[in-house]
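S.K.: Chains as they are written, first to last, in our numbering: chain A, 18 to 181; chain B, -16 to 304; chain C, 724 to 1115; chain D, 16 to 137.
Take these hints with a grain of salt, some might be off.
What the hints assert, rightly or not - Here are the computed lysine to any residue pairs in the SDA-like style, where the Cα-Cα straight-line distance is at most 20 Å:
| id | chain 1 | residue 1 | chain 2 | residue 2 |
| --- | --- | --- | --- | --- |
| 1 | A | 164 | C | 775 |
| 2 | A | 164 | C | 1001 |
| 3 | C | 1011 | D | 23 |
| 4 | A | 86 | A | 159 |
Rather than coming from a laboratory, the hints here were simulated on the basis of the structure.
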Amino acid sequence: MTEETTEENEIVRRMKHLIGKNVLESEVPRPRRIFILINKKVFTKTVRYLTKKMEFSHVSTITGADVGKEIEVIYHLNRGGTIELSLKIRVEKDKPVLPTITDLIPGATLYEREVHDILGVIFEGHPDLSPIILPEAWPSDVYPLRKEWTIKKIQKKVTKGGKR
Amino acid sequence: MVPEGIVAFLEILLFPGFLFFIALAFFYEWVDRKFFAKLQNRYGPLYTGPSGLLQPFADFIKLLSKEDITPKAADKFMFSCAPIFMLSFPLLALFLVPVTGLTAPISFEGDLIFLMFLFTLIAVTIFIAGWSSVNRFSTVGGVRAAFQMLGYEIPMTLVMVGPAIAARTLSISQIVGWQSHNAAWFIWLQPIGFAIFVLCLLAELEFIPFDIPEAETEIVAGWSTEFSGRKLALIRLGKDVELVLAASLITSLFLGGPNSSLSILAIGFFLLKTTLAVVLLTTLRALFARFRVDQMIGGAWKYLLPLAILQVILVQLGLGR
Amino acid sequence: MSYPTIRIPFGPQHPFHIEPEYFMFEVDGERVVGVKPRIGYVHRGIEKALEDRTFIQNLYLIERICGICSHAHTTCYTQAIEEILGAEIPPRARFIRTIIAELERIHNHYLWLGLAAHEIGFDTLFMYSWRDREIVMDLLELVSGNRVHYAMNTIGGVRRDITPEIVEKIRKGLDALEERMRYYKKIAMTEPTISKRTAGIGILKPKDAIALCAVGPTLRASGIKRDVRADDPYIAYDEIPFNVITYDGCDVISRLFVRCDEVFESVNIIRYAMHHLPEGKIRIKVPKRVPEGEAVSRVEAPRGELIHYAKTNGTTKPERYKARSPTLGNIPSLCKMLVGGYIADIPIVIAGIDPCFSCTDRMAFVNVNNNKQWILSGEELRRYAIKWYRKE
Amino acid sequence: MVRELLKHLLKRPATLKYPFEKKPPFKGFRGRPIWDMKLCTGCELCYKVCPSEAIEMIGKGLEAEFKHHLDRCLFCGQCEEVCPVNAITMTEEYELASYDRAGMIIEFKREEKASEKPIPIR
Chain A
18 MTEETTEENE IVRRMKHLIG KNVLESEVPR PRRIFILINK KVFTKTVRYL
68 TKKMEFSHVS TITGADVGKE IEVIYHLNRG GTIELSLKIR VEKDKPVLPT
118 ITDLIPGATL YEREVHDILG VIFEGHPDLS PIILPEAWPS DVYPLRKEWT
168 IKKIQKKVTK GGKR
Chain B
-16 MVPEGIVAFL EILLFPGFLF FIALAFFYEW VDRKFFAKLQ NRYGPLYTGP
34 SGLLQPFADF IKLLSKEDIT PKAADKFMFS CAPIFMLSFP LLALFLVPVT
84 GLTAPISFEG DLIFLMFLFT LIAVTIFIAG WSSVNRFSTV GGVRAAFQML
134 GYEIPMTLVM VGPAIAARTL SISQIVGWQS HNAAWFIWLQ PIGFAIFVLC
184 LLAELEFIPF DIPEAETEIV AGWSTEFSGR KLALIRLGKD VELVLAASLI
234 TSLFLGGPNS SLSILAIGFF LLKTTLAVVL LTTLRALFAR FRVDQMIGGA
284 WKYLLPLAIL QVILVQLGLG R
Chain C
724 MSYPTIRIPF GPQHPFHIEP EYFMFEVDGE RVVGVKPRIG YVHRGIEKAL
774 EDRTFIQNLY LIERICGICS HAHTTCYTQA IEEILGAEIP PRARFIRTII
824 AELERIHNHY LWLGLAAHEI GFDTLFMYSW RDREIVMDLL ELVSGNRVHY
874 AMNTIGGVRR DITPEIVEKI RKGLDALEER MRYYKKIAMT EPTISKRTAG
924 IGILKPKDAI ALCAVGPTLR ASGIKRDVRA DDPYIAYDEI PFNVITYDGC
974 DVISRLFVRC DEVFESVNII RYAMHHLPEG KIRIKVPKRV PEGEAVSRVE
1024 APRGELIHYA KTNGTTKPER YKARSPTLGN IPSLCKMLVG GYIADIPIVI
1074 AGIDPCFSCT DRMAFVNVNN NKQWILSGEE LRRYAIKWYR KE
Chain D
16 MVRELLKHLL KRPATLKYPF EKKPPFKGFR GRPIWDMKLC TGCELCYKVC
66 PSEAIEMIGK GLEAEFKHHL DRCLFCGQCE EVCPVNAITM TEEYELASYD
116 RAGMIIEFKR EEKASEKPIP IR
């Protein structure tokens, strides 16, 4: 990647300036796309900075992915419809807790509930983390998108739990 | 010589009695559906009978054979009575309308008032039907029906008074007789009244701009949500009879009624004019989007009522008689 | 003084919308004072299923996320995979994708117009617009071989070419479609019952629209000029001139006008694309295995911004695939619009965002087919019914 | 609007009387796929690529026979595209509904000129 002074690289530079070593990985694969992996410690500070100072006010979605021992939560933030910044945070599988961003961006409510449903990430401070896409009777410890829950295992568990 | 009692009995049962009106109700439902479909570039009922003529009847039979469910929470007595009232009130009202000649089977001075009373009773029945089913949609539908009645009832009554004042009688048969005698129809004499009357009938029939109490996309089927099987069949038939009633009222009050004392010719005129009235109602149904209940009542009180009063005043001043 | 409110459920089965979705409304008389949505009734577990299939197989699964914006979903998917592969698709393929995408937009907006008309009880307009929608469906069948699931996209290009005869037919169809939409827009502007039911209803202020992350025509009807086609051009949109339509009425009728005008824009885009259709191949060969990588792909589906995230691990199957459809993005703003309105306005306001709940629900996976206890056959259902009635 | 309504009074309805009038599908319509067993080399590509496991393969290589599960088929045409010897073609048949899932399995056999069991329609 050539270090041109594009807008995207400028954003990455400012981020590095803000949180220094806490930017673990950064990549600009093509115009209008940024991937940044940051440390969990500085998450709230970074999101506040991005939304308030850099106009990343639109959250396109929140993705959760299982990456082995950790869960990667990706916030796809958008600025003015153009630049899509994917902010990644890794949390431990045993204790997946993150602060909510609904106080900064109210539109993230449903996305956080979705990630909570499928991966069991708990968003602290979220007003209502009740199931949104899974049924009410879904067993509380089954998180379908975690890799250890294969389709077969889910079937077995859910049938046992949800006998008619 | 057949005894007079039997003739009267047959007149009530067959012609122009229950059977005739019910057959006519099915026919007009077909006319309504077919014409509505035609306006929308569709076929409409097609397979039952010649070009679907028997479709309404087939629907009726099908509904009769379906399971009849009464909700546990419903007020059982009122819930069962409502469909019967829904059919019997308009059927009764039809006897006040002249069909075979210049006089109706039942005719007395003041039957216009009785007819207005029956109209109100139909609306009250709808409210009771909605209320007694104890379903949220039904309740909302019933309340809307009652609301809507507040909107259209008074203008409708006022414009029905217009012809009565002009003909100096409160009997429908005599109003028809007056038009026949003077060779003048009230549609030409009182056009404002006619327009208001048609609009109010649309509301009474729950046709599209005013199908608020049973708005399908909003409250499922409104007040009739919980009815099924035989009860729904009766309600649907009741609505069809109401359509006949509306068409024949337009005919007798504004289109001169069966304009002949010869009975065959009179029936022909009656059928022709009522069919035209149904077609008019259907065209209007195809022309609009549904109003909201507050818009409907607001419009009725803001525009229809003053215009209706204006029409009555005009008649009193001598215009339109 | 406070009156007791009643709760009116809308759904999961309700005639206002064909798809099962549940909204619990807190109602005070005819006024809505609260709303709580519950989605997930058509949850098919597509995201988990995607991890279990090859990239080619996924193409057809992705297509089935939604019946209406099937092309938008596959475009988004193929784009993401091609980005990871580093494959550049031929220009002719890009133009063909654009043509199909815009035909799909026209189809969607016609469909929406009919539904919206039905919600406000205007059945005649509903019938007319769905009749005219048949024109564009025929065109799509002509081009792709199917009316709904076009299956035009494949990784590395498109599967079918557009021949000159087809171009001629599309041109004819477009003329008819444009004329009809002009007529419908005129009706919407002049017919008093339509404006009575849609103007000033379902207000979404620009400030709220941004805060609640609204997308697509809903956002553009609040006067915010944001369109992925212009802001983040993909396929051939950087070579085709077009306008982004905005209205600032913030209400349902503005959403209607936005969609009407977008149809005209789409017609112009297709005409331009067909006129400038480059020669050449329509697809390139791509390897089966996709190298490790990740990509975010965005597409302006007819209903709004569509975003897919793909993560691959060097095998023939994706590691993680995430799809977010426009409707999910619009639900928070929908709840905002509904509160304070009338019951009678609920259907048209919900229809106003053009919801597609099939797109919205698509995640974890329970294979219903292999799991006998989860489905009841017709015979079992009958027995169950008889048992239930005996108890009564 | 009134004029538009009245115009339709004289027009022919746009709808078709479906079971009696049919609209022919366009050229290139993706209907029910058929296998030409004379050409088939049994390379398993169609079986492997099928997204919905609608193709069942019995035997291997040149002896392979197919069962096509019509009830699972998506009509995506990927098998037609992937076949190296063009043994699969998508026909224009589209009325494929049946009351019975068992009746929706179509077998393609090797001998007797690829005898094909007719599908029970209606």
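S.K.: Does each hint hold? Answer for all of them.
M.R.: Against the structure, the hints:
1. A:164 - C:775: 11 Å, holds
2. A:164 - C:1001: 45 Å, violated
3. C:1011 - D:23: 55 Å, violated
4. A:86 - A:159: 16 Å, holds
Hint compliance for this structure: hints 2 and 3 are broken, all remaining hints hold.
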